[in-house]
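Engineer: Listed here are the chains, written in short residue letters.
There are 4 protein chains.
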Amino acid sequence: MGEGLKNRGRSRADVDERRRAVEESTGVSLPNIGSMTFDPLAAAKNIENMIGTVQVPLGFVGPLRINGDHAAGEFVVPMATTEGALLASVNRGCSVITASGGATSVVVKDAMTRAPVFRVRDSRHAVEVAGWVERNIDRLREAAQATTSHGRLLSAQPFAVGRSFYLRLSYSTGDAMGMNMATIASEAVSRLIEKETGAVLVSVSGNLCVDKKPAAINSVLGRGKIVLADVTVPRAVLEEKMHATPEAVAETCFRKCGIGSSLAASLGSNAHAANMIAALYIATGQDPAQVVEGSMVTTTCEVVDDGLYASVRLPCVEVGTVGGGTRLPCQSEALSMIGCLGEGKAPKLAEIVGAVVLAGELSTLSAQAAGQLGQAHKSLGR
Amino acid sequence: MGEGLKNRGRSRADVDERRRAVEESTGVSLPNIGSMTFDPLAAAKNIENMIGTVQVPLGFVGPLRINGDHAAGEFVVPMATTEGALLASVNRGCSVITASGGATSVVVKDAMTRAPVFRVRDSRHAVEVAGWVERNIDRLREAAQATTSHGRLLSAQPFAVGRSFYLRLSYSTGDAMGMNMATIASEAVSRLIEKETGAVLVSVSGNLCVDKKPAAINSVLGRGKIVLADVTVPRAVLEEKMHATPEAVAETCFRKCGIGSSLAASLGSNAHAANMIAALYIATGQDPAQVVEGSMVTTTCEVVDDGLYASVRLPCVEVGTVGGGTRLPCQSEALSMIGCLGEGKAPKLAEIVGAVVLAGELSTLSAQAAGQLGQAHKSLGR
Amino acid sequence: MGEGLKNRGRSRADVDERRRAVEESTGVSLPNIGSMTFDPLAAAKNIENMIGTVQVPLGFVGPLRINGDHAAGEFVVPMATTEGALLASVNRGCSVITASGGATSVVVKDAMTRAPVFRVRDSRHAVEVAGWVERNIDRLREAAQATTSHGRLLSAQPFAVGRSFYLRLSYSTGDAMGMNMATIASEAVSRLIEKETGAVLVSVSGNLCVDKKPAAINSVLGRGKIVLADVTVPRAVLEEKMHATPEAVAETCFRKCGIGSSLAASLGSNAHAANMIAALYIATGQDPAQVVEGSMVTTTCEVVDDGLYASVRLPCVEVGTVGGGTRLPCQSEALSMIGCLGEGKAPKLAEIVGAVVLAGELSTLSAQAAGQLGQAHKSLGR
Amino acid sequence: MGEGLKNRGRSRADVDERRRAVEESTGVSLPNIGSMTFDPLAAAKNIENMIGTVQVPLGFVGPLRINGDHAAGEFVVPMATTEGALLASVNRGCSVITASGGATSVVVKDAMTRAPVFRVRDSRHAVEVAGWVERNIDRLREAAQATTSHGRLLSAQPFAVGRSFYLRLSYSTGDAMGMNMATIASEAVSRLIEKETGAVLVSVSGNLCVDKKPAAINSVLGRGKIVLADVTVPRAVLEEKMHATPEAVAETCFRKCGIGSSLAASLGSNAHAANMIAALYIATGQDPAQVVEGSMVTTTCEVVDDGLYASVRLPCVEVGTVGGGTRLPCQSEALSMIGCLGEGKAPKLAEIVGAVVLAGELSTLSAQAAGQLGQAHKSLGR
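Chains as they are written, first to last, in the working numbering: chain D, 776 to 1157; chain W, 776 to 1157; chain H, 776 to 1157; chain Z, 776 to 1157.
Keep in mind that the hints were calculated from the coordinates and are not lab data. Take the hints with a grain of salt, since some may be wrong.
Which copy is meant is left open, because identical chains are indistinguishable; a pair holds if it fits in one copy or across any two.
[Unchecked claim] Straight line, CA to CA, 25 Å or less: simulated SDA-like cross-link-like pairs of lysine to any residue:
id, residue 1, residue 2
1, K884, V1097
2, K781, D1081
3, K781, S870
4, K970, A860
5, K884, P933
6, K1016, S800
7, K884, G848
8, K820, V1097
9, K820, G809
10, K781, E849
11, K884, I912
12, K781, D814
13, K884, R916
14, K1016, R785
15, K1016, T958
16, K884, Q932
17, K820, G1146
18, K781, N842
19, K884, N842
20, K884, V902
21, K884, D913
Excised from the complex, chain D in its bound form:
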């Protein structure tokens, strides 16, 4: 193993030396990875063992009209992907939504969670600890507060099983996605609990948080921001732009998302929400592993008097506009495109995520319904 592989520096020279060591070690030349155009120090807090960057193609969809509480107006939205046809499809959905007067998108809950797990002596001890927590929520809040200026402990929900005691702690985390903040605060909370109750902290994350695992507790209670988005598409708009009737789109959604997802024992029921979330998260410096819980979206379609009503519920939009990858050069530009860089912008970003997911769902369901129609036309012509 070449010495350079052990280089711990973060300057461009360090990155270059390390990459050369990798090239030597693997026998592979890495000119494109090495052609990063920003100073690696900008990523010093984002990665270790850096050797360059991977350039992911970035495009846009829109203009997309959104009538949100925080996101209001027409947006040109950046998305990063390597899956051909995705942006074209989402873009059609944006076009339909905008032609329909825009999508509503609202944040209805906002809390980041961390759930430490403790070893307790037995069930009675668990009950005691839960009682202590309930009586001392103010002390826990203080302990959390001492670790952060932006976060605030909202609630503490206990779960007890045998000698394991879990406490799902919910925080408001300002404009940060908030995992780190919540983790640090939860450690402080946990140490206080240890000291006062005799419970022993086993892990600051007991998997009832739930971070980056698909879990029903998150789809039920939400994590990060719960976002609702919807639109009513006039029949004429749908037929002209998507060549599908409201009836056909509603049927597709019914058989595919309604019944199909239930049979598959899915968490959430949608067409391909993860696609839009992944492309938005990569573009804007969010954590792409949180696409996992982000994907548990429920999509509904109904025929209404004047056309098609379509909606999405996103139970776990975990986004930030400060911290994490948001300050990286390309990512901050992408956030700026939608006016979402920095303080006070996280709810706006979440609403945009909701509206873009709606656009993607609408487009894909309509395309599949149109395929059906197309076939129907063919069969009529036989």
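Go by the hints and put chains W, H and Z onto chain D.
Structural biologist: Quick look at chains W, H and Z alone, frame taken from chain D:
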């Protein structure tokens, strides 16, 4: 809306013009996004409305010794992330594994699925269609084969509910991830079924596939490659490198992944498998939305005579070494680093994914267990 | 503790003595429990420590017309319950179905499962064991066959995680529900595997069976009999008998079973299938704990040209017409009422279960939809 | 169809006439069903179309020592089943628990839920309705209160998806299981919401309740009573009575309940909790269909200094000691056996359920572990 936003071209000039239109439209300058260093034509099949790239920091972990059927030897593995501390953590896991003689990693099943949904008249009709499919599997296979030279229809599993009929079609797809191949073949299969049975195709994807949604059917039956990886870490190695005992790591895994994930009603039970998968997928041009099903990993730890046995089961490793984003300049370099670019390499890549996930799991569980120990030490010192 | 509590006999005198001991021990008189009207020896294989019986009210629903493969004609069906209004409701559903020409009900799959779990050395050993099983399925079949004249091993599906290896064994079990048969055969199969592969049996049931636990693997793959039942109710019949329109019933099913169950992260999506299954199982001597997996029913409603199409899919109808509680005096009479006592009747019983569940679903969904209508009428009148 | 089938009366004469009509209609004689020993009028509110009873064998387990908050002392517990060996097995578990000083069993939460679903205009309307509910919880409480003297509305948790709005209403319901009470109160609450917000009630049960369907929301939030029970069994007791070591039982629980249930995508992870719950519910006049959610039990085993620690968490113990089937002659005797008939006894009954489930789990896991030991012994002897 500026005219440039409607530019459909894919040359560098087109991309530049389009980006300028976006800059004008949003009032935001995009120099970093625009500083892509490869010819946009290389991404012509990967994205529409391209305006540049997002540069995601890329680092490496390793050397990681893997004793797989396809991946054998020491690997320096590329990972792309914006989450600080992730690579450092995974790297520690790699170090532990390598010092323990390497990780076993094997592919035990390999099939990509697509599940069209049809409208049928009623339950009896569904039974008839299922019967026809069973009797005519060879004709379906021919219909599929006519659309692809690399794919092969392996099986067709029917699910019937009321007037909805689903057919989960499984394909071998060579070294491609295979979704497109499977989709095109499934359309051909579906049209034959329509013609012969009177069932009407509603959607080529009826959500029993299941693509990019967390669903139990996938964790049970697998999608893409099912990978098993494991390692036995000698006690001395674990204590020296991770400052944790086998007992403490096993307890952390038990309370967190075993019980915690069950209480949370999770699909899979692991520490943070999605992190490793996302970082590997972005680095190597895989579809990051497939991290969703990739995340349903089961991680186990047991104390054994000579130390800690740790394992992961990945039910849905959906990767390719040809097609998709694998031919993009940075991504193909990343694949080359691990000798996984091109034909004949997909199983090898899947085994590397398994081993890296194992490394990340081992590291995080050990760190949490060590925190526990650390605290124990502190409390002893009080 | 009175001596009588230890009485192990099974005669009426034994039962009486034991009950008197319980009366003495608890200070409670048990005349009704003691007034059982059959010879306790008839229950010798059904219970231990018997002190009498609990009399559960038994009624009937019907006549219910069923157009099944095995159940064909009009049936008067016994149901046992203590929940007032249940039978009246199911009876209305029967009336609607019969007036609509009857319900289709068919068995589309039939296999009882048992899944032993073994300890193996590691993942590679698991792969070896799985390979051995695949190559020696005929020997496993012989080993199973040696334990039973009615059962037959159909297939063996392996699942491996770390040092745990599971084998989901599927059996045809004739007219018995088949759990005991499957368990005994699986022990024989397991011993052979132990002997030949070095895997160590940890439990003959590794919870991938899955008996009496709600689990997605069962709803996906089925356990016992998968039954589909459906009916098309003419609009006039629905409106006259249920005071509800097809549109209102379909909407109720959509919002309640379709979306509501998905949000609740339910396995299955129905109104109250468990009610019908429990009442039928108790009446006919089935295992009431298997209502658990029986409850994972999918109910669908659609408006069709001529009225309402309603269907149910029951993935786990685990019933027998021989063995278990079927030979008890009251239970065998109940089975006789529907011509389902003894050999060759299990599929018929399963079809009746399907049709009765359909009746109950139809009735409850209609009643709720009518409530909605009723309210609408009231509000119109304001 | 004979006229008697339409007989609506509830006297013994009515029941007899009806049964004769059924006998005539089916051609089957029903002497045992007809030999019920109590006056059918006692069941007038429990069933319709009554023709007799089904006698289910009733036995007991115990004495079982319980150290609960409400159940304290030694209990002889009635169970009704037709599954041979069940009571013998549970009885062994009781013996082990009692010899270990008894089981702790405590109720940690108590609330019955009903979740009506409303049609709303769109997401914004849903948000408005949710806001109105939050601001007017006192009015909702009054509306609920007007319908019941025993129930009290505790909280109202909103869930919104598109044009569907769900409100999970939680009630304390005294000693009744409380479904009817909750349903009636929820209708009153719903009508007030309809009047004030323009939301339209679609069903008083929107399947987020969740009654008689296995659903993660219930295992996470609980329904009815959440009960924790545990025991520490000294090594000598376990080995003497169960012929198993703590290590073997813990391993069986780990591979079967821990990993097996996770792989099966189960809700809950236990050996056979449903068996005990079903047998207790049938004996004591509870609703046997609620075994479904009752079954989502988590069982844990750990080796501790002095032996084996075993625990169960029951998230949904839905029991009453007044109302429903509790006043039927045999059932009220069964309740009396454990001092649980009437007012003030529901928590006690729930604790007994917890302890008996623990006994059954302990026994089955030990038996399977002993099987393993047995085999080990045999192999040692080879």
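Engineer: Checking each numbered hint in turn, tell me which of them this model violates, lowest number first.
Structural biologist: Failing hints, ascending: 2, 4.
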